[in-house]
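One-letter residues, chain by chain:
2 protein chains.
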Amino acid sequence: MFTNIKRLLIGRPLKSAELGEQKINKTKALAILSSDALSSVAYGPEQILIVLITVGAAAFWYSIPIAAGVLFLLTALIMSYRQIIYAYPHGGGAYVVSKTNLGVNPGLVAGGSLLVDYILTVAVSVSAGTDAITSAFPTLHDYNVEIAIVFVIFLTVLNLRGVTESASVLAYPVYLFVLALFILIGVGIFNILTGDVPQDLHAPIGTPVAGISLFILLRAFASGSSALTGVEAISNAIPNFKDPAPVNAARTLMMMGALLAILFSGIVTLAYFYGIVPKAEVTVVSQIAEETFGRNFMYFFIQGTTALILILAANTGYSAFPLLAVNLAKDKFIPRMFLVRGDRLGYSNGIIILGLASIFLIVAFHAETEHLIPLYAVGVFVPFTLSQTGMMLKWLREKPEGWVPKFIINTTGALISFIVTMMFFLTKFSQVWSILVFLPIIVLIFHRIKKHYEAVGDQLRLTTCEPALEIKGNVMIVPVAGMTHVVDNTLRYAKSLNPDQIIAVNVSFGREDQKKFEEKWEQWQPDIRLVTLHSYYRSILGPLTKFVDTVANKAKENDYQVTVVIPQFIPKKGWHNILHNQSSLLIRSYLLYKRDIVIATVPFHLKK
Amino acid sequence: MFTNIKRLLIGRPLKSAELGEQKINKTKALAILSSDALSSVAYGPEQILIVLITVGAAAFWYSIPIAAGVLFLLTALIMSYRQIIYAYPHGGGAYVVSKTNLGVNPGLVAGGSLLVDYILTVAVSVSAGTDAITSAFPTLHDYNVEIAIVFVIFLTVLNLRGVTESASVLAYPVYLFVLALFILIGVGIFNILTGDVPQDLHAPIGTPVAGISLFILLRAFASGSSALTGVEAISNAIPNFKDPAPVNAARTLMMMGALLAILFSGIVTLAYFYGIVPKAEVTVVSQIAEETFGRNFMYFFIQGTTALILILAANTGYSAFPLLAVNLAKDKFIPRMFLVRGDRLGYSNGIIILGLASIFLIVAFHAETEHLIPLYAVGVFVPFTLSQTGMMLKWLREKPEGWVPKFIINTTGALISFIVTMMFFLTKFSQVWSILVFLPIIVLIFHRIKKHYEAVGDQLRLTTCEPALEIKGNVMIVPVAGMTHVVDNTLRYAKSLNPDQIIAVNVSFGREDQKKFEEKWEQWQPDIRLVTLHSYYRSILGPLTKFVDTVANKAKENDYQVTVVIPQFIPKKGWHNILHNQSSLLIRSYLLYKRDIVIATVPFHLKK
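Same order as they appear, the protein sequences are chains A and B. Using this note's numbering, you'd call the opening residue of the first sequence number 1458 and step up by one each time. Using this note's numbering, you'd call the opening residue of the second sequence number 1458 and step up by one each time.
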């Protein structure tokens, strides 16, 4: 049953040898890895204007130099990540780069930060996309949380089906969005050039503005750079690319950078020439589209693809999170289960954990995740800064041929990223302080986990330990609840192994029951010693474990091993289990976890 | 840790021999078993007026004859249940009476109906009480569900502490409520007699009313009789009474009947003389109290104790549900776990299940359980009718000395209960139809459970089966993941039992790993046969179970028993388990539940 449902949802299992077929080409990679970055065009320019409007509409011309700054940062980041891809062709992005060049703890800060960030990516973008949809259909607004959860489940299942399949499904909406914005920007620029847009809608560049300050400009710049989240995804996901993976990844990265630059500057330019003022109810992109086309088909096409890409931006998280988790798990900083490939060769545990964690965030924040955005941006710029600083050190240390321009690129990137990070802390501290709490905690957990894995390895390794004790004999204890076929079956099994002693134990709640049981037993199994225990508190576990302890202590003196052989009848149908006392499970886990006792369970299968 | 918290909440465990001390005297029994019945005075009279107002305020005088009818029904029920208590001194009420006299299925209908009803009692009365509290403090209104859940948890813990302790805690509020209403009724009647209440507030009895019909009168009667729910609780709870239990139970029942009659008729009389008109926002009792005292201390005292008793009414469910469940479980119609006494000698499983089920209802209905009230009333009157019909048949069959008056009492009770039940179906079908669906389902489940228990009993009984097969030899299979201390330990254990064959099995994901492993093994354990399996789909369970199946089939031919000996390392701290692959658990449950294989788990305790 479960297997069938699973197969229907995610498809037939793939052999490990089929891994190569699950790798993706550049066109599809661009679609699934850049949706996060490209979607930020839908809100990045708006963030700049929202800061500038605090001074006045006259300040809007500053959006042009600020956008130029963002483009400069984007170029630096893209160039830098291109260098990272070639330098670390097995993926890992900020985590691997920081760890290798700056040390373990900076690496863990970058890795932990990104790990949390991808969860935020999924929660924030699915919530934003859901909001865009329910704004169009207000009756659905009460079901925001449910709709968002359905989208997360959809993306989770899609990703469990495998990278190629999700890439095929997601390529269309991403390219449609790019196409829609290209048409919008093209028509808009044409209108401006042909003079269809009145000149008086915008203040000319250079107009003096009263009240403008460096602080506000930097703040606008930091807000605008939130459009750059998602840039690092490709460097994490190199292993998903077709060979030659680094070359393909680098080309995809350049392509994404170019698209992002064109769309971002196009939207900023149109907003400036149209004199768009940010409004609470209507997005900047929507205003530009309406200004350009009126409320016709193109307008709705742009709105629709925008909503879609906001949801699909979450998919970047699904591509990058499991691969980052693999890198952390390989270094034993997170549980090993993240290393296991699922039926469809994806790292299914990572995908499922990501889905669950973002559903948790969506439920906890009632799908109102806007105030998580600054946190999310800081969570990206911290690893940006660390990884570029790491690259700086790398060039300084290794000094390969032609390292100076590379060093300059990374230094520039590191500086700007650092400034942006600081701007977030200075201007939005109330929304981002929590990262200062949870990052150290995450790093601490990483270390605890690694310490545990290493301790286990040490203890299991054959070279390290005292010589093993010989087992000189065996004592078997059989807890018996009555005189039935199950018990009979178990006793026969115990006898067949010829241990040095077999003891049957019965726990009774009344003195008379006890006596009666002893008499009957004497007739039924005269050759097996029976011990009856009286329970004052109606507990079976209590007296039984006390007895087992006594026997075990004595056995230890003679180097005997104690085995508790548990008779267990197995009902024919699963639901029947709730009709039966599960005390054997309790006995088993208690003895196994607290004591050094072997537990053998002898099944007796019921036929009806 | 868990043990300490548990002990703090519910107290130290009690020995089975201390059971007698947990029995309660009449004063306390009255408090905990009649809170449901007494609390219905707070809404019963109002229900009558709400039906009559549909005709007009002039019809209010009919509340007097209707109340007389309800009192008559109450008398018949009390007399009848008094007879049931003496006839069935071990408790069980409607279930036992109907089963014994009418047959198994009517018994199950009565029992199932009451079982569900006690859950409704808890949900409905806690919700109503919470509502009364949050009406006084409107800021709390948004937290209705949470507050109601806290009350349910409080009552659950209180009842887990044991019957005597909950009786001691709950006696005060119940008697305070009775005292408050006595003062209210006393002062009210005094005012009426001294002529302080104007004569023109009420239409004289016998005033002709246009539009009144038998249907409306019967409907008002049915609504009023919802005040009689809870009357059967005492007959279910006889085992909780001090000896002589039946005598004490019967006296408590009479006392409750008398109190209920006085309070009910007092409130109806005052409402009539004061000419109270039911309002949506202010309850009838509240109007009477304000009319009598104004808004002084007495008014708030009455309101407060009323809110309290509405919540405590839930406690009747806690007293009666576990005992009814015991009766059903003794007959094997519900899981045996309901027979187990907990640490404090209460039937804790019943108490916990009741708490969980009512929390579920409260959450599902957002603590707005008013529309469950008719369902709840029908769920009481169905067993009323069945049990009294059962008593009728009992007298007819047995004809003991002086049976005629007893027969008349039960016949009257059965007839009126039947009429009330029918009235609910006729006048409120839309709210009570669901009982016609779920009662047959519950009865069906009861039968399925009993059938299963009987089938299990048949299969386990030693007399019924074919002679047992001798086990002629043992094969042990040890799944090995590597060459470590855990495996070493397990192999030593297997060897110490001298089976006919030991096979170590390794599942590998790559051909090279496989070869390397085989070579190393040859050096490490040359005397133990190693089988390596290749897994195409990265699953350990798949290849392993296939191999075990093959071995098991071959072993069966020679009457050999197969044991899978699983090496398991036990981490020092519980949370460490999530860091390790739990595949041994998966292997264990698969082989145990699907195959006839003995599973032995050999623990290896890590020291750090």
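Hints were generated in silico from the structure; no laboratory data involved. Everything numeric in this text was worked out from a predicted model, so none of it was measured. Among these hints, one or two may not hold up.
Note that identical chains are pooled: a pair holds if it fits in a single copy or bridges any two copies.
Stated by the list, open to error - Subject to a maximum C-alpha distance of 27 Å in a straight line, what follows is the list of computed DSS-like cross-link-like pairs (lysine-lysine): (1) Lys2013 to Lys1972; (2) Lys2064 to Lys2030; (3) Lys1789 to Lys2011; (4) Lys1483 to Lys2051; (5) Lys2029 to Lys1463.
Cross-check of the supplied hints:
Within a single copy, Lys2013 and Lys1972 get their C-alpha atoms no closer than 31 Å, and across copies no closer than 39 Å, so neither meets the 27 Å cut-off. Proximity of Lys2064 and Lys2030 under a CA criterion of 27 Å is satisfied intra-copy only: 10 Å inside one chain copy versus 40 Å between copies. Taking the closest pair of Cα atoms, Lys1789 and Lys2011 never come within 27 Å of each other, the shortest separation being 41 Å inside a single copy and 42 Å across copies. Taking the shortest alpha-carbon separations for Lys1483 and Lys2051, neither the intra-copy value of 55 Å nor the inter-copy value of 47 Å comes in at or below 27 Å.
Taking the shortest alpha-carbon separations for Lys2029 and Lys1463, only the intra-copy value of 24 Å comes in at or below 27 Å, while the best inter-copy value is 35 Å.
Hints 1, 3, 4 from the earlier list are contradicted by this structure; the remaining hints agree with it.
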